[in-house]
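K.L.:
This is what each chain is made of:
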Amino acid sequence: MSALLRDLRYALRTLGKNPGFTVVAVLTLALGIGANTTMFSVVNAILLRPLPYPDAGRLAGFTTNQSGPDLEDLSRQSRSFAQLAGAQIWPLDWGNGAEPERVQAAVVTGQTFEALGGRAELGRTITPADDRPGAEPVAVISHGFWKAQLAGEPAALGRVLLLGGKPYTVAGVMPEAFEVPRAVADIWLPFQAAAAEAAPARGAHLLRSFARQAPGVSLASAQAELDAIVGELKHIHPEEDGEQTFRLVPLQEQVVARSRPTLFLLFSAVFVVLLISCANFANLLLSRSARRSREIAIRSALGAGRSRLVRQLVAESVLLSALGGAAGLVLAAWAQGLAAKLPPVSARLAARVHLDVRVFLFALTVSVATGVLFGLLPALQLTRVKAGAENLAGRGAGTFRESRVSRGLVVWEIAVALVLLNGAGLLFKGLSRLASADPGSGPNAC
Amino acid sequence: MIELKNIEKCFVTKAGQTFVLRRINLTIGQGEFVTVMGPSGAGKSTLLSILGMLDHSWTGEYRLLEHPVHKLKPKERIDLNKRYVGFVFQQYHLLDNLTVAENLDIPLSYRNVKGSERAATVADTLDRFQIVGKKDLYPSQLSGGQQQLVGVARALVAKPKLLLADEPTGNLHSDQGREIMRLFQRLNDEGTTIVQVTHSEENARYGERIIRLHDGWIAGEETVTDRIGIEAGSPAR
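In order, the protein sequences belong to chains V and S. Take 1 as the starting number for the first sequence in this note's numbering and just add one per residue. Take 447 as the starting number for the second sequence in this note's numbering and just add one per residue.
One chain only, chain S, in its complex shape (with noise of 0.2 Å):
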């Protein structure tokens, strides 16, 4: 599905090119669940925004579902956005003046979805996501686990096949954490690509291979599987 061939990007500072990312060659099949791993700084964030076609400004070649994003005009890279993405953040980034229904037709009305089949989609949305009593809430009125689950809610209302989510259970609660966790893993079992950035090895082990980041480089590669060996203790795959 994923496919980065000798990623690339760099600032242009007065003291020089500072790499944020180098020769990154990766592959990511459909279906897979992908935890990127790494310390503050190695370029996690960006490798996130890079896939989902937020940033331009790269060298190197990158091909989502046989389309070759690197050819593409920053415009038609915004097109694909809107038809394979979706993004979970870990401030939530729900519009603060919106209530919880309008932040899932948002998504929606930038895909010039019609206003009745716009309305049906958000609908099912919430009652998928169980959130039918907050739809007229505003953001201030829920809490950080309502948010990322509406935040979630809404990366999947277009019903993206590629889910990015970056640190989306950094800001809540352990337990919390773990329902959208395992919301997460419910959503790869029924087919959606996702690719996760985190810091908790304990998040890692809800996908199946875990991409290291050091300094911009791909420091290593491993499975889930691979990791359950050399730790003990049960994972939660």
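Chain V on its own, in the form it takes in the complex (with noise of 0.2 Å):
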């Protein structure tokens, strides 16, 4: 442990004598592992961390859409879910006047808040009771609206909104990061009161479900009781449900899936760059062999074995890679507000990216992984320097070999240089087709 101190004394030493070279390589490796933390920041957000609600784990998603009266008999005769809910984009107009204004609104069921256990920042949610024929429609706001359109003011709470030509009374507003997974809205409503054809009709499969399971039951106890009920359903009504299927997957899961393949995209683009950075970076340490040869040659003559040399130029080329991973660390920090407005990254989402331990832990390793594996191939060839009065003398320097792995590692950042050139063109393709693709969800769709 005292020899590795020692070793990462000198090389900081040694470094801090070069200090053009270790700028440019600490630059160098900043640049590949920011691009690769910024990403991962992105991934760990989104794909890694949990879903913000109190005991995500045990928040499930039905795979199809059902029917208010199938949630309702499934609520009822099930003993696996503490709560079962759906929701639905219902995008509305809001006002009266000349120009009434489109709003995102959503409708749900009147567990949806409980089961994510959502709490109003002011007033309340929508429960049960709001959600029955008959019940006074309220709304509840985002944080978004309140400040947006409504000024922010405590006031707003009891203001009547007038949605679709209804008016409903504002009982609360959700904090900021606050969403409904699947229904991302400005105004959630009762399903009850802003749906009153479709919520009574069984054959109406609208609603987005999710439930949350009872305490310390397991996802497959839970499907196999669903599937018992659901037998039982699709037999009493063979035309409304008879083709419906009720299958359950982890909340996590359906939330992340269509991100998944856009994320893992531009995370394979980022790690191209991190490996045109690793190659760089092994050029530069390559490109100091020869200045470094003389040094070795006297250590070697000093008594020093190769995996000692090694382990020397290793400890110098991963405080190297520390120092571009600390640097690439703050390039992240930097980058967050970036990485945040990727296609994949929803407003709300974008306020979850940050950088935590999981996110530095990865900075780490990548850091060290590249330190290791890049420097040992330079501290390899450079190693290969023997003690003999020609390298002692300087004269020994440069040989065939040293310059044929450089040549190899150019020919290595063209070829993925030339991969990342292809992919980003593919992928500037395929966005610009997806921005001008009809989603049929617009405010001119049927």
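It is possible that part of the hints are untrue.
As the list claims (entries may be wrong) - Which stretches of chain S does chain V cover? Using the computed rule of at least three CB atoms under 8 Å from a CB of chain V, they are:
(1) 522-528
(2) 553-563
To be verified - DSS-like cross-link-like pairs, simulated, lysine-lysine; straight-line CA separation at most 27 Å:
(3) V:Lys17 x S:Lys521
(4) V:Lys17 x S:Lys605
(5) S:Lys605 x S:Lys528
(6) S:Lys605 x S:Lys560
(7) S:Lys580 x S:Lys605
(8) S:Lys605 x S:Lys521
For the record, the hints were derived by calculation from the structure and aren't laboratory data. Being a predicted model, the structure only gives us computed values, none of them experimental. Ideal Cβ positions, reconstructed from N, Cα and C, are used throughout, including at glycine.
Take the two lone chains, each set in its own frame, and fit them into one complex as the hints suggest.
P.N.:
Structure follows, in structure tokens:
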């Protein structure tokens, strides 16, 4: 351990005496590690961290939409679920002036907020009592809507909003980070009140449904109970439910499923950037070989074995990559805002993108791995130098093999750069097509 | 202590084989102070590299303290080097980024000597060579003579039985050179076997025997006493 510390101390001093080389090497790595750390922070926020709900592991989603009556039946008959809920995007016109404004609203069943453990920032949430035929129509609004449209005043509670020509009383304001999975909206309305015609229709399978499993109930046993109940439902309502499937998956899986391919693609792209940075880094280390061959020859003459010399050189490259990683973290912190604007990141998810312990450990692992893997090749190359008279006199440096490795690295760089360029072109083309495609859900959609 | 039989070394180039050393047969006893002389390109430094086991590509037989070096693997030769050999170079070859004390510490650390023992040995060596005041200086802050003094101290810090010196005074002022040679003489008197390469007849007189190389061959061998007889004037020894 003390030998390693001594190696690191000497390495720090050596790098300090070569500031130009050190700065270029650190910046080269900072670019690659920073881009990867930034991308990882997005992956971490979306794919790895649990959904932002209390005890999110107990939330499961249905793979197909359900109708209101089916959900009610399931809720009444099952013992596996603490709550069963459904929601659907329900865009509405707001106001009754000459130019009503289109707002992103969503209908939700009565147990939605309870299932998600969502508590209002102001007022209250929608409860099962609000989601009954004939109940007073209420609305719960998002923090953003409250701030932007209602001036963020507490007096907004109790205010009547005219939505789709129907008055709704504002009952609560949700916190900034809250969202209903797969039904991201600014206003949530009780299903029975906003979709009075569709709500009682068993054949109207329009609710994106999810459930909170009861404590201690596994997904498999919940599914088994569900299958038994569904069998009965299909028997009673063959026309409406005969073709329906009721399959549960972890809600996290369902929410991130669509983001995963895009994130994988973006992560692959920045990984290629890291590979290019690493090749540059290795080339920088090799370029120093000629100057360091004398030092290596001296150390050999003083009794250093090859493994000892490799350890010393790798300690230097790991120190460089650690500095590169630290600079990369700074870069990643700066680029957080940029990353949050990536296509698979919703505005609310963006709030979750930040540097946490996992991101830090990722940067550390990438840094150390980079330092070891890409420092090892130049180190092995450099320590081929023997302590003979030629090398001690400084005449033995610059071998054919050294230039061959260096040329190999340049070929590697060009190859991965071409892959990156092709990938970037395809990604750009894909995104352009996506941007110009008709999603079928715009204001003019049927 | 050293026994060389038919040692040969050559480089193979497109033009053919180029011999650097030819049929070197040499015996050096323990406690001897031997000087290797000859014109540039005669193979003096190469012979020293072979003796110090820094050069592995040669043929013939080499025994060091009864160890058959020619039969050992490179790693075993490095171990033998660490146990018995210290090197002094014409260019000093101190490590620029290390202080004087750290330069002395390096050979010990490569021999896996414990930290506390290393610190004590380095302190003793600094004291013995009267360079305690320079211990925290870097090589670039020392004069040539001081750097070579550190170079000698570094070569001796691990208490080698054999000291190999390649033009140890080649880059020094004549006064500094004499100081280093007197130091060598003292070390030899204390029992260290020394083999030095030099162009200087004056430095050669500090030893007991002179081996003359020419074009890789041993061209002649004489004792310093013989030399004194040949030359007029008083030798240093």
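K.L.:
Which earlier hints turn out false for this structure, listed by number in ascending order?
P.N.:
Violated: hints 3 and 4.
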